[in-house]
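**Student:** We have chain A; now place chain B onto it with these hints.
The lines below spell out each chain.
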Amino acid sequence: MSEKNIVYPYVPNSVKEIKAEMLREVGLDDVKALFADIPEHLQFQGKLNLPQPILDEYSIKRHMEGLLNKNKNCSEYLNFLGAGCAQHFVPAVCDEINGRGEFLTAYSGGTYADHGKYQALFEYASLMAELLDMDHLSSVLYDGAQAAATSLRMASRMTGRNEVLLSRSMNPEVLMVVQNYLQGIREPLLNIKMIDFDPQTGLLDMNDLESKISPETAAVFLENPNYFGLIEADAEAIAKIARESGAEFIVYTDPISLGAIAPPAQYGATIACGDIHSLGMHMQSGGGQAGFIAVHDDMRYIAEFKDLMFGLTKTSEEGEYGFGYVMPHLSSYATREQGKEYTGTNCALWAITAAVYLSLMGPKGMTEIGQAIMQKAQYAAKGISELKGIELAFSSPFFKEFLVKFDGTGKTVSQINKALLKLRIFGGKDISGEFPELGQCALFCVTEIMTREDIDSLVTALEGAVN
Amino acid sequence: MPRDKETLLRKFHQAKWDEQIIFEMSVPGERGILVPQAGEEISAIIGDGLSVIPDQLRRKTPPALPEVAQARVLRHFMRLSQETMGADVNIDIGEGTCTMKYSPKVQEHLAARHPGMTAIHPLQDDETMQGILEIYYRLEQFLKEISGLDYFCFQPGGGSQAVFLNACLVRAYHADRGDHERDEIITTIFSHPVNAAAPATAGYKVITLMPDENGYPTLEALKEALSERTAGIFITNPEDTGIYNPEIAEFVKAAHDAGALCSYDQANANGLLGVTRAREAGFDLCHFNLHKTFSAPHGCMGPAMGAVGVRSELAGFLPVPRVEFDGQGYYLDYNRPQSIGRVRSFFGNTPLALKTYTWIMQHGAEGLREVAECAVLNNNYMDKKIREIPGVVVYYAKDERRLEQVRYSWEKLKEDTGVDTEDVERRMADYGLQHYFTSHHPQVVPEPFTPEPCDSYSKDDIDEFVAVLRQISREAYEEPDLVKNAPHHSTIHMVQNPLIFELEKIATTWRQAKKKGLV
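Residue numbers (this note's numbering), protein chains in the order written: chain A, 39 to 505; chain B, 2 to 520.
Fair warning: there could be bad hints in the mix.
Straight-line Cα separation of at most 35 Å, DSBU-like style, residue types lysine-lysine; simulated pairs [as the list claims (entries may be wrong)]: (1) B:K506 <-> B:K460; (2) B:K506 <-> B:K517; (3) B:K17 <-> A:K352; (4) A:K278 <-> B:K12; (5) A:K443 <-> A:K250; (6) A:K352 <-> B:K485; (7) A:K70 <-> B:K386; (8) A:K352 <-> B:K506; (9) B:K515 <-> A:K352; (10) A:K402 <-> B:K145; (11) B:K399 <-> B:K386; (12) B:K12 <-> A:K352; (13) B:K61 <-> B:K145; (14) A:K99 <-> B:K460; (15) B:K386 <-> A:K402; (16) A:K70 <-> B:K106; (17) B:K385 <-> A:K54; (18) B:K517 <-> A:K402; (19) A:K250 <-> B:K61; (20) B:K6 <-> B:K516; (21) B:K413 <-> B:K12; (22) A:K99 <-> A:K460; (23) A:K54 <-> B:K399; (24) A:K426 <-> A:K402; (25) A:K70 <-> B:K224; (26) B:K206 <-> B:K399; (27) B:K12 <-> B:K415; (28) B:K17 <-> B:K61; (29) A:K70 <-> B:K399; (30) A:K278 <-> B:K506; (31) B:K386 <-> A:K54; (32) B:K106 <-> A:K99; (33) B:K6 <-> A:K85.
Hints in this document: simulated from the structure, not taken from any laboratory.
The model shown is predicted, which means the values in this text are computed figures rather than measured ones.
If we strip away everything but chain A, and leave its shape as in the complex, we get (with noise of 0.2 Å):
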């Protein structure tokens, strides 16, 4: 019992009458005996090292506030950073309904207790259908990068192959997880063939892919718009390729840009995956991540996803809808390790933030973002490529990234980014250590939130760190 008999306002019977009170309801005179099953040297002795709490919410609160406030946020700095997480404008409504107690602190509670989350899930699914011009999805996944490699785990196991053809222009982070989950004891469970990207384009190099495309490549996966932001010009023709070889066609792709660029589906894809972090989601340091996974209405694909599925159906009161588990066996939670994969609490609360995103855009919305992230990108390269020294890595269409290449400046990213920090803007991520034969380039983000104001200062303030 406490030495000083606090009483915690998170745990109501820490108060001392209770705690005895409930104490000889059980039966027991010292709490010690509550532990007794547990061998005393495996009890841990003394006391943990931990600091002193700070017990009142005030103190903790002023604490926690000069930690974050230790942080240069993105409000306060220009931010030219993605690779993966991006600045977007979220809407007021998806942080209301994101808070909400309710959704906030529900877990995997039924459809009786849980009805509307089971809604709000469907809905997610079924507007993601709209945009990816797709027909069924599962719950969300971790993250993007966990939805390629799942993606990919899914193609192996629908053709009975064991390769996989990757694009060497795709995001090393997203490749780094593709290959811990691809990897197996005694040999790769799957293996990786890298295909090239041609270094005038910097689209995937089809010599490359005709070249290792075999019997026993499952799948190629694509990533469009690729990690340099370029829209890959020639994925139908590369679907084409894949399908002819009887290898799934898997396409990553950024869903706001759906509203611009064709969906997967259209050009060939079998499976679209990707991340929503983009629809609705702060960016919190990384953490407003979560995977999805697209395909058509064929029991081949279907039968193989790995995680929840909530598909609707109807209750005992005639027209009312109610939702029900599909195919409950292929997940773990049902089948432990005879489960297609692992699977396990992943990211709803961000699945029903991109369906409030979503219902709040409509066709519109998504159409007209598209096209302010496709104008600003572009006026925004078109700014810096003038600039003396500096030039685009890359000539082909881009969508909301692009890679800047600074060698003809004589000066390294990462002197240029510290320059551009003096004046409160985080430029472009260095890619010169992931992509070391394209010499100084950095990746440069433009989102819709972007101002010209915003873009011109970059564009002056880059003309400055290079002179």
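**Tutor:** Same frame as chain A, now just chain B:
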């Protein structure tokens, strides 16, 4: 109107709005929000921005999303939230193994509203993220002390991904030693299913041990399963039954003697804080679900965070980046040649780290011990009351105490009345309580239910929860159809096909439902 003082039962009816699917609300032309556009000056220089997209990759028709005005969108999702019974609105004791703790609002306000959390890009320069990095660094020190292990990683997006990371670390450890013949993982049937599924995903063959009359496997059964092929044991203690296996250290020793690593599932360590640790029992790895033991809200199933702890021999394999301190400032260390790389993008669900750090700072060593004591006391108090309810049976370990939860059985209730655990579960919703967790499959205990009162619920809350169970038991004996036909006061009536297997009945999306003529 006050709650009935005698029965402790509430009159309750859940919100019911006959709410349409959002697509049914669409009115052509309505807008939920206007978005920032490029403006005339940019358009004048760039043009429409879209014509550069290769024709075959242009979206020709806008996505068929609904068109709904903002207030209507808000009302719709507000109503759906009202039709959801989060822990903020009910005594959420039923969701055993989930540890439905109270999540302090101060944490949520900081995490969801402070731009030092929401508006941070994960690739910002280290010097601009000193606050977040300090939280990670200090939180690692806390969890090292709480577990006794040497290093922590906060990358996994939830507890299950943490178990997957543990499997990846075990795999990397043996591979590094050139030991490629160890391809088996041993777990137990009462461990969370992910302890079987995550190693299987990592390529392992899984061996599952069954309990004896004590509720946990015998040491002999473990020894029989161990061999030169065993890579590790993935074990929980207490398991879902709440029974502590007193031979756990012997289990660990036997596994170590066979050359295997030992991974401790501490997803729910609520009853163990400051009481017993992974270190004392000899474990090599462990993981905590920060949304369980450390009070972060569960978000309808995430976002979550799994924190993985390891002994120093395994530290080199942990994912990148790690947060380090050089005496001047905090920084992210990517230079770790043995690292397995990543299991998730960036460095985890940072708001969860903030909430965990805050909660531990609010309690300190004494407070954590108080949490454990109250969680276990609450459970033992509730256990005494539940065992008095007609129809309840408790399997295993007749004379031993349970720690933070108990797996009960309505086997006798079903024999006596025909009412089964799913009937009771549906009836719970009529009394203003979240449904209860029965058990993962396979349901080794017949007609199971698994409540967990944790530290957040008062004696009065527990009494109300037990009163509902007692009432439903009484109803089952007196008027079984009332329970069998439940719910009566819920948002919806009984679902006709709760499990859907046939393709023609599968509709995970509105367009699928329409194509199949289901709506």
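**Student:** For every hint, state whether the structure bears it out.
**Tutor:** Status of each hint after checking the structure:
1. Of the supplied pair hints, the one linking K506 (chain B) and K460 (chain B) is violated, its CA atoms being roughly 46 Å apart against a limit of 35 Å.
2. Of the supplied pair hints, the one linking K506 (chain B) and K517 (chain B) holds, its CA atoms being roughly 7 Å apart against a limit of 35 Å.
3. In summary, the hint linking K17 (chain B) to K352 (chain A) is supported, as the alpha carbons are separated by about 16 Å, within the 35 Å threshold.
4. Restraint check for K278 (chain A) and K12 (chain B): the C-alpha separation of about 62 Å exceeds 35 Å, so the hint is violated.
5. Distance hint between K443 (chain A) and K250 (chain A) is fulfilled; the C-alpha atoms sit about 30 Å from each other, no more than 35 Å.
6. Between K352 (chain A) and K485 (chain B), the direct Cα distance comes to roughly 18 Å. Compliance with the 35 Å bound is thereby established for this hinted pair.
7. For a cut-off of 35 Å, the pair hint linking K70 (chain A) to K386 (chain B) stands: about 21 Å separates their Cα positions.
8. For a cut-off of 35 Å, the pair hint linking K352 (chain A) to K506 (chain B) stands: about 11 Å separates their Cα positions.
9. A threshold of 35 Å between alpha carbons decides the hint, and for K515 (chain B) with K352 (chain A) the separation of about 14 Å falls inside it, so the pair holds.
10. A C-alpha spacing of about 51 Å is found between K402 (chain A) and K145 (chain B), which places the hinted pair above 35 Å, so the restraint is violated.
11. With a C-alpha separation of about 16 Å, the suggested pair K399 (chain B) and K386 (chain B) falls inside the 35 Å cut-off, and the hint holds.
12. For the given pair, K12 (chain B) sits about 27 Å from K352 (chain A) by alpha-carbon distance, which is consistent with the 35 Å threshold.
13. Between K61 (chain B) and K145 (chain B) the alpha-carbon distance is near 55 Å, which puts this suggested pair outside the 35 Å criterion.
14. Taken as a hint, the K99 (chain A) and K460 (chain B) pair is honoured in the structure, with Cα atoms around 29 Å apart against an allowance of 35 Å.
15. A C-alpha spacing of about 58 Å is found between K386 (chain B) and K402 (chain A), which places the hinted pair above 35 Å, so the restraint is violated.
16. For the proposed pair K70 (chain A) and K106 (chain B), the alpha carbon gap of about 32 Å is at most 35 Å, so the pair holds.
17. The suggested pairing of K385 (chain B) with K54 (chain A) holds, with an alpha-carbon distance near 20 Å, which does not exceed 35 Å.
18. A threshold of 35 Å between alpha carbons decides the hint, and for K517 (chain B) with K402 (chain A) the separation of about 28 Å falls inside it, so the pair holds.
19. Of the pairs offered as hints, the one joining K250 (chain A) and K61 (chain B) holds, with about 33 Å between alpha carbons and a cut-off of 35 Å not exceeded.
20. Proposed proximity of K6 (chain B) and K516 (chain B) is contradicted: the alpha carbons are some 53 Å apart, above 35 Å.
21. The straight-line distance between the Cα atoms of K413 (chain B) and K12 (chain B) is roughly 28 Å, inside the 35 Å bound, and the hint therefore holds.
22. Between K99 (chain A) and K460 (chain A) the CA atoms are separated by roughly 30 Å; this keeps the pair inside 35 Å, and the hint holds.
23. For the proposed pair K54 (chain A) and K399 (chain B), the alpha carbon gap of about 30 Å is at most 35 Å, so the pair holds.
24. Between K426 (chain A) and K402 (chain A) the CA atoms are separated by roughly 39 Å; this puts the pair beyond 35 Å, and the hint is violated.
25. This hinted pair checks out: K70 (chain A) and K224 (chain B) have alpha carbons roughly 32 Å apart, not beyond 35 Å.
26. For the proposed pair K206 (chain B) and K399 (chain B), the alpha carbon gap of about 34 Å is at most 35 Å, so the pair holds.
27. A threshold of 35 Å between alpha carbons decides the hint, and for K12 (chain B) with K415 (chain B) the separation of about 26 Å falls inside it, so the pair holds.
28. A distance of roughly 40 Å separates the Cα atoms of K17 (chain B) and K61 (chain B); the hinted pair therefore is violated under the 35 Å criterion.
29. Between the alpha carbons of K70 (chain A) and K399 (chain B) the distance comes to roughly 20 Å, so the proposed pair stays at or under 35 Å and holds.
30. A C-alpha spacing of about 31 Å is found between K278 (chain A) and K506 (chain B), which places the hinted pair at or below 35 Å, so the restraint holds.
31. As the CA atoms of K386 (chain B) and K54 (chain A) are separated by approximately 21 Å, the hinted pair is consistent with the 35 Å bound.
32. With a C-alpha separation of about 11 Å, the suggested pairing of K106 (chain B) with K99 (chain A) holds against the 35 Å cut-off.
33. A threshold of 35 Å between alpha carbons decides the hint, and for K6 (chain B) with K85 (chain A) the separation of about 41 Å lies outside it, so the pair is violated.
The structure is inconsistent with the numbered hints 1, 4, 10, 13, 15, 20, 24, 28, 33, although it conforms to all the rest.
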